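Taken in sequence, the protein lines are chains A and B.
For the first sequence, the residue numbers in the working numbering are 1 to 330.
For the second sequence, the residue numbers in the working numbering are 1 to 334.
Don't read these hints as lab results, they were simulated from the structure.
Check the hints yourself; a few may be wrong.
[What the hints assert, rightly or not] Listed below are the simulated DSS-like cross-link pairs for lysine-lysine, each with C-alpha atoms no more than 27 angstroms apart in a straight line:
{"#": "1", "chain 1": "A", "residue 1": "K273", "chain 2": "B", "residue 2": "K29"}
{"#": "2", "chain 1": "A", "residue 1": "K202", "chain 2": "B", "residue 2": "K262"}
{"#": "3", "chain 1": "A", "residue 1": "K202", "chain 2": "B", "residue 2": "K241"}
{"#": "4", "chain 1": "B", "residue 1": "K262", "chain 2": "A", "residue 2": "K44"}
{"#": "5", "chain 1": "B", "residue 1": "K124", "chain 2": "B", "residue 2": "K110"}
{"#": "6", "chain 1": "B", "residue 1": "K62", "chain 2": "B", "residue 2": "K7"}
{"#": "7", "chain 1": "A", "residue 1": "K92", "chain 2": "A", "residue 2": "K114"}
{"#": "8", "chain 1": "B", "residue 1": "K89", "chain 2": "B", "residue 2": "K125"}
{"#": "9", "chain 1": "A", "residue 1": "K5", "chain 2": "A", "residue 2": "K202"}
{"#": "10", "chain 1": "A", "residue 1": "K63", "chain 2": "A", "residue 2": "K93"}
{"#": "11", "chain 1": "A", "residue 1": "K13", "chain 2": "A", "residue 2": "K93"}
{"#": "12", "chain 1": "A", "residue 1": "K5", "chain 2": "A", "residue 2": "K63"}
{"#": "13", "chain 1": "B", "residue 1": "K263", "chain 2": "A", "residue 2": "K202"}
{"#": "14", "chain 1": "B", "residue 1": "K171", "chain 2": "B", "residue 2": "K124"}
{"#": "15", "chain 1": "A", "residue 1": "K206", "chain 2": "B", "residue 2": "K262"}
{"#": "16", "chain 1": "A", "residue 1": "K273", "chain 2": "B", "residue 2": "K241"}
{"#": "17", "chain 1": "A", "residue 1": "K33", "chain 2": "A", "residue 2": "K21"}
{"#": "18", "chain 1": "B", "residue 1": "K263", "chain 2": "B", "residue 2": "K241"}
{"#": "19", "chain 1": "A", "residue 1": "K44", "chain 2": "B", "residue 2": "K263"}
{"#": "20", "chain 1": "B", "residue 1": "K262", "chain 2": "A", "residue 2": "K273"}
{"#": "21", "chain 1": "A", "residue 1": "K5", "chain 2": "B", "residue 2": "K262"}
{"#": "22", "chain 1": "A", "residue 1": "K273", "chain 2": "B", "residue 2": "K263"}
{"#": "23", "chain 1": "B", "residue 1": "K263", "chain 2": "A", "residue 2": "K206"}
A quick note: this is a predicted structure, and the numbers were derived from the prediction, not measured.
Below, each chain spelled out in residue letters.
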Amino acid sequence: MADNKVIEAIDLKKEFIVKVKREGKVRETKTLKAVDGINIYVNKGETLGIVGESGCGKTTTAKLLLGLHEASDGKIMLGDKDISHLHGSELKKFRKHAQMVFQDPYESLNPRFKIKNTIMEPLEIHGIGANKAERYEMAKEILNESGLRPAEQFMDRFPHEMSGGQRQRVAIARALVLSPEFLIADEPVSMLDVSIRAGILKLLRKMIADRGLAGIVISHDISLIRYISDRTAVMYLGKIVEQGDTEDIIANRYHPYTRALLGAAPNPDPEVKFTLDGIKGEAPNPVDVPSGCCFHPRCPECMDICKTESPKETIMDNGQTVLCHMYGGK
Amino acid sequence: MALLDLKNISVEYKLSNGTLKAVDQVSLKIENGDIIGLVGESGCGKSTLIKGIINLLPSNGKVIDGEIIFDGVNLVNLSKEEMRRRRWKEISLITQSAMNSLNPVYRVGKQIIEPVMEHENVSKKQAMEKAGELFDLVGLERGRLDDYPHQYSGGMKQRAIIAMSLALDPKLIIADEPTTALDVIVQSQILERINSLLETYDGSMILVTHDISVVAQTCNKVAVMYGGQIIEYGDVVQVLKSPNHPYTMGLKNAFPSLTGEKKELISIAGTPPDLSQELVGCRFMERCPFAQEKCKIPAEITYVDTGYFYCARSDERDELRRQADIPEVWESNI
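Chain B on its own, in the form it takes in the complex (with noise of 0.2 angstroms):
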């Protein structure tokens, strides 16, 4: 059985003028020991979708439809209560700006020992040690326990939020961009530090990002997310090194690469659609070069080796795939 198994999400936002369906019908899988990486642009409902799946959407945002089950239970039909405490003991998360999540007038190691005499029955002694055996885990000195964040600098704060959520053993952790606010080189230390992590400690994650490099470099899995929808789902070498779906070769091509030849950037034309407006069949037609009557019905699921995609033209996904290389291929569509 799956730790985390999504099956047909949708959140939706009131606005004052409608509705908004950030999410629309996501499915997503989630085996221990998984590091998925859900990738996407700004405005595709990636943190939206985890924000649901922990129940933490804003007033005005809603799980409308699709199960959650979480270690066999349904997390949709849990109250505020039961959800709470199962967060930070099983599912755990890392915001995006983690770096200003501690409060400033406490100590940090009376921050993280916070969670732990919550929800477990430990003395203050206990929780202190438990504290100090995590960051040894996440590289910090133990006698920075007791220094205020403001002491600290980015990369440190950055390790100390994810010794906090390491906290309880939670089951499944999940980060929302991480690394963002960090250098290059704290971000691959601190990265290389959840890798060495999670496989000793055999725990899943969920990585949220717009880096497809940060993916690259960390995940097994990966889902590509665009207007709402997952559009690409499989192995992260399997989806990178040969995507299948038009936006993911889009993706890839857009990335600039220090190995091998210089290549030529290729842009993707276009913005994201308005999820506040009805849409009809594939989200990304407006922008996609191979775009055809057909795609106006929504594209039937292709599965493949170690994943799935969606797109009207799947059967001819090498002939797409060759084609996405070209960059005039992607400039016709402007």
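Next up, chain A with everything else stripped away, as it sits in the complex (with noise of 0.2 angstroms):
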């Protein structure tokens, strides 16, 4: 199994630092904990979705594991190969094995360059394919794959003239032609319209399969973390509270913040009515993180320890992880 890890972070922890301005002075700095000390792993072909509400860190995480942040402590490996500091040639190498699909595929897709040139133009970067007529030849095979066929229809097009349901087929396809070895795909379907988000869900989910990736899928939105992703972390405030099997943690709930995270998701069943379970107010602005644990404000269970002390992770009979004072000691 531990031979089976594509990606593992260990202790991973992000620091930013913000300037409190007054009277249009920088009165003070603060430090922001973006990321806060997370243990997450995935191993080939398999995909760790991670939940949790805008703030809490999963961006940030993501951009950790590609390189595009700089960790402020612990170890990101690659395999055997500790990544989180690379610079210069040696980033420019990892940067093949680890690609993105970023959300919004009218963003993300250069208005002037042609599909194919979207497409070959990373493969032109990293040196693959011995002239132009192979990488064409790459190309059309990837977008092949990604369900735009016929692909010698598509490779001459520019973005505007697609849908955005094909726009992010060829975020997809420029993400893959790399042939890389973890892809993360944050939140790839808030932007596209209901109808068409299986599909673009079911792609990716071949692709990390039938490729062997080690896929990360970020949302904030459970149902569709549960439908993709083998294994979840729930992220709050720059900690995961919860992780494990999926089907597990939407069965067990062990947090008091995935109850409320769960139970919150408007389901498309009117006869199943959404429950709140006594959670309150809003996420904390990270800059400020409550003492102790840092969701008992909001906490139905909150005890009195919780306000003082971090919970200790508890792993469960089921392999699950939990970050809370009710569980601890076990």
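Got two chains here, separate frames each, mind docking them using the hints?
The following block contains the structure:
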């Protein structure tokens, strides 16, 4: 099992310095712990879902794993290599292995590039393919595989001549043409219309399974995460509060935050109503994280210890991890 | 008599190269106490329809046909001034980016009492008292009335906007994607608040959204729009549990669910029709796995228990619904 890990983050941290301005002058600086000591891994051919509300640090996590941010502390391992502090040509070489699909296919494709150029560019940058003709063939093949068939019809188009769903397929093709080892998709369907979302999710799932990639899908929508990911990490204010097999998490909901998130998710079945489970207010500003357990001000189960002491990770019998005092010491 | 009765409404936009009929012959009745979900994909005409109702279309848009009977008065015939007097007082609107529709340089309280003082003959003190009551209703502290919008979080701004929309006790509230920009927990808090408010206060609402789960949780009726037309209407349980129009069937299959067995998602191939073109017959035909020759002529209305729908193969609806659950049926059409 351990040999299967493609990418792993160990006690990963990212801090930003935030300047607090008053009357036009910087009055103080504060530390924003965007990612605060997380442990995650993804196996070959498997998808990890990261779910949480806005500002919980899920996108920062993605950027750390891709080398777009440098970690403040902790390690990122690609296989047995520490990649958390790469620079220059090393970083460029690493980027070939780690690719990303962005949220908005209307923004992420160069409007002046034909589709073939968009897909052939990364090949050129990394010196893959002997000549233009070979790169053209590779681009055609990956477009076909991404469901844009026949590919010849799409190669000479511009992004504005395509629908949102087709553009997102191009973005997936561009990410996969380099045959990366792992792929991160950040809210891959939230900009798309409902009727075509399923097609994009299916394509991602198929590509990850068929090509034996390690996939990470980030979303605020846990029902979507359920559909696409084998394992799930629930994030809150930079911490992973619960992690495990997706179906286990949905069935067990150990952490009160997971319970709230699942209860609040609207269901397309009008006979199953959502429950709020007594959760209060909104997530606090990550600059001012509450003392003790960061969830305690909103938690319906809050105990005295929660206000002062940070909980330690508990491993449950089924291998799930939970960050909550209710399960402490197990 | 229905509170709002839309009769064959058509709305057209003038474009540089022709016209676009964004809403085509839409009829819909809203009774007192109804919460109607208006669902559809982007470009289906749902926002245009509600802008047409309250006469807030952009200058190149116009209601070219039909009647909008609200409380016995045809809104289409009203002058701008007569309509302005009814807006907020009788029909209020919560817009899509409501969070950004607060003026950043005025205190929130001042913005809430503005429509109250404009439409009703009350003192500033009375208006502020009213604003305080509204804040109680939507779950905000009265003390926050003196704050500026930037001191509010997204969810609080949205609550303030809801308070504002209730300020003059309108008979009808129109909410256009009221929770789309909010996080899921805040969304459910707000939807729950809207639900309980409408229960106590006996108002009606049109909730415009692309998300059928929001409709399932909030509304009692639902109208599904496609290509500028309402293709299915009825009781929310009936429409979402046993849809009759193939598009509604497809939409239902495309939504992942948290309850029950993990199901395969099914997407609908293709894209919605281009409304600037002349269209004949069923507008979903191009994407429908059940399309036949007869779909090329517009379908007659079929009435069912709680509503109606338009499909040329309406007699076979039970069989089509059974087939629509099979993923391969939709794939054959790609």
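Do the alpha carbons of K124(B) and K110(B) lie within 27 angstroms of each other, as the hint requires? holds, 9 angstroms
Would you mind confirming whether the straight-line C-alpha gap from K63(A) to K93(A) stays at or under 27 angstroms? Given pair K63(A), K93(A) holds - Cα atoms ~16 angstroms apart, limit 27 angstroms.
Hint consistency between K5(A) and K202(A) [alpha-carbon to alpha-carbon, up to 27 angstroms]: holds, 23 angstroms
K171(B) paired with K124(B) [C-alpha distance capped at 27 angstroms]: Within the cut-off at roughly 24 angstroms; holds.
Agreement of K202(A) and K241(B) with the hint, judged by alpha carbon distance not exceeding 27 angstroms: holds, 24 angstroms
Holds or violated: K273(A) with K241(B), Cα cutoff 27 angstroms? holds, 14 angstroms
For the pair supplied as a hint, K89(B) and K125(B), is the alpha-carbon distance within the 27 angstroms limit? Answer holds: K89(B) to K125(B) is near 20 angstroms, not above 27 angstroms.
Does K262(B) sit within 27 angstroms of K5(A), going by the straight-line distance between their CA atoms? Judged against 27 angstroms, a Cα distance of about 26 angstroms means the pair holds.
For the pair supplied as a hint, K33(A) and K21(A), is the alpha-carbon distance within the 27 angstroms limit? holds, 19 angstroms
Check the hint pairing K273(A) with K29(B) against an upper bound of 27 angstroms on the C-alpha distance. The given pair, whose Cα atoms are some 26 angstroms apart, holds under the 27 angstroms limit.
Please work out if K262(B) and K44(A) have their alpha carbons no farther apart than 27 angstroms. holds, 22 angstroms
Holds or violated: K202(A) to K262(B), with C-alpha atoms at most 27 angstroms apart: holds, 14 angstroms
Violated hints: none; the structure is consistent with every hint.
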